[in-house]
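Student: Okay, here's what each chain looks like letter by letter:
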Amino acid sequence: MASIVQDQLPDPNANAVSDPHAAKFDFHSLSVKAAGDERLTNALNANTLRQYEGRRERLLELPDPDGMRSLAGDIKQHTLDHLDYYLEQFQSSVEGNGGRVHFAHDGAAARRIIAEIAKQAGCTRVIKSKSMTSEEIELAHHLQAEGLDLVETDLAEFILQISHDKPSHLVAPVMHKDRASIARLFNEYFKTPYNDDPPTLTAQARIFLRNKFRRADLGITGGNFLIAETGQVCVVENEGNARQSVTTPRVLVSLVGIEKLVPRLADLAVMLKLLGRSATGQVMTVYTSIFGGPRLGGEKDGPEEFHIVLLDNGRTEILASREYRETLRCIRCGACLNACPVYRKIGGHAYGSVYPGPIGALITPLFQGLEKFKDLPHASSLCGACYEVCPVKIDIPKHLINLRRDINTRRISGRSERFIYKAWAWGMKSPWVYYVLGILQKFDLRRRAHKTGWIRSLPPFVAGWTQVRDMPAPPKRTFHQIWKDRT
Amino acid sequence: MPQVALFITCLTDQFYPQVGVAVAKILEHFGCQVVFPEAQTCCGQPFFNNGFPSEARALATRMIEIFAPYRHIVTPSGSCCAMVRQQYHELLQNDPQWQKPMNDLRSKTYEFVEYLDKVLKVDLHQFKLPAVQEITYHYTCHLRGIGVKDEGVRLLRQIGNVEFKPLEKTDQCCGFGGTFAIKYPAISGAIVEDKINCIARTGAQTVICNDAGCTLNISGMCHRRKMETRVKHIAELMAEAMGIDIQAW
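Chains as they are written, first to last, in my numbering: chain A, 1102 to 1588; chain B, 4 to 252.
One or more hints might be untrue.
With the C-beta cut set under 7 Å, the calculated list includes, among others, these residues of chain A facing chain B [what the hints assert, rightly or not]:
| no. | residue |
| --- | --- |
| 1 | Ser1482 |
| 2 | Leu1483 |
| 3 | Cys1484 |
| 4 | Glu1489 |
| 5 | Arg1506 |
| 6 | Ala1526 |
| 7 | Met1529 |
| 8 | Pro1532 |
| 9 | Trp1555 |
| 10 | Gly1565 |
| 11 | Gln1568 |
| 12 | Pro1575 |
| 13 | Thr1579 |
| 14 | Phe1580 |
Pairs of lysine-lysine residues, derived as DSSO-like cross-links and limited to a Cα-Cα distance of at most 27 Å, are as follows [said to hold, decoys possible]:
| no. | chain 1 | residue 1 | chain 2 | residue 2 |
| --- | --- | --- | --- | --- |
| 15 | A | Lys1585 | A | Lys1552 |
| 16 | A | Lys1499 | B | Lys152 |
| 17 | B | Lys111 | A | Lys1530 |
| 18 | B | Lys229 | A | Lys1134 |
FYI, nobody ran anything at the bench for these hints, they're computed from the structure.
Where is the CB? At the ideal position from N, CA and C, for every residue including glycine.
If we strip away everything but chain A, and leave its shape as in the complex, we get (with noise of 0.2 Å):
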């Protein structure tokens, strides 16, 4: 039996990989630094693409997997384009069943509302199942900072708190460790024996949080799903720890934002339908829980009190925004992170945000400020597989060439690099320019090749090609040229 090292865990956000409050976000360093760390390399290739052929799979045993996309991103975009009628009926909903909603205008209301309710209700040992929302707004780091005792119950959740890390993946939040660091984690922290049997890990684990899980009196969850019709709540998971945290205490929370929203139960099934499999090529989690309100009379599980809190924190105004709108259908799947040639060498913690991947080059940027993650929408090679493979059907390649639009009339980039584009699109309009812009290059670049066919060397402005490739050098006559000759 493993013994019990502490009672207060480590705070989770002590050693913040990248600060999310600082005030320059440095995504040249990190994404090059993630880029040469082969051990991560080595494990975002086999988790995302076992993901990835999973997802293909089983989508493919859908009789109709893209119509059912299509029908999946419409009743987001329905649910979103009424969303004020939908959370009027979820509140109403919900308080029919005797349970309390709370409107979060922002991460800090969210927190403070959460921290009044378990004071209100004399708790002071929560279990907390996985919720991205909960990263976004850092509801644990501050919940510790109150003095409650906080443990994360989700296995790789509970990894990160004890590692002082933080999550790198929608899904899978430990993506970028391997079995070795988890075994050597462990074996510092609760002092045993060094193995990497994950087996053998996973039970040292379980048996630290039973303990958890008996002794709480608040229970925190995310949400998957909100269903406005019935006013409940909707958690798919692995392990069973949300369905404990729902359970089990005296007081639930469930933090959700509110883009969440689904109009019916029926609605309800096509996402089911469609969120395993996308995100890991399961047909469905192990837990799927639909829950919405305190203790029934005659019940024997459940808590005495029921709340939800509703977030906003910035999604109101990519609502009332047209045109981004479309990017709240999100649920969540982690499909677009797991096809991303550009998630698979870098990994979540290079996008210095919660929100990682292609999904998050759209989000990040819309939620947290255009100006601090304007190299996001750019590291995008526009491959278009996170668009493939969004089960709600979200065009990120269109959002990431707006978002680039929007860099440039807000002037976010540089004038040099907004002229030099402009004067290159105007000569591309007459043919006579192209030609002489081609021949100017053209000599200057078979200049560079020496001889050999090829180019080490590019002048400045082109210089990162030749950072890690060769160029050819362009053959004496193009095509135009060819056909002139031969006409």
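Dock chain B against the given chain A, drawing on the hints supplied.
Tutor: Leaving out everything else, chain B in the frame of chain A:
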């Protein structure tokens, strides 16, 4: 005799003109009359992709006008085809006077493999490479946008003396992405390194790559790493099998 206007694309024009020659001669072999509107320059993609929509729009309308007179337009590059078929719609959605000409152009613009397969319905079994070659295939990203899936591999495997080697992660981007490769060299470099490692593992001497951007990127990395793998457009390989000389015209 179907008339085909060749949309060469700026990168192919500058760096791989022999691919244009191969495409033209192959289409002629299959009975097309190939013309080349010499006024063409650029479809506008680099400007659209980098957030300069009005500059891109000016080039798009110019492109629409230049290619309006022709019955079919064929391009050797999937990304430029996707630009015309997908992105022009977005660029010109607020220009009612361009709707019809744009939709006309969209309906008659084809990527080369797509044209061979869906319009000319060619059968390449009759052709054979001079000697056996082990060949693999990189799925270029913009084929996603135009709905082309495995047509390229299918056609490739019809050619005699092609020993096809499937590529691991064939649909993972090569890391070109236009200016992405210049602005984010560490990430782009890691991605293309992955691609050439997968290519090396197939043991193939040749990788088929139907996009000039990908070819610049993959061949540039192969050369830097002293890998001898040749990177070819399927048109170049077909020309070999069909006995077509693409160096002289």
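Student: Quick check: which numbered hints come out false for this structure?
Tutor: none
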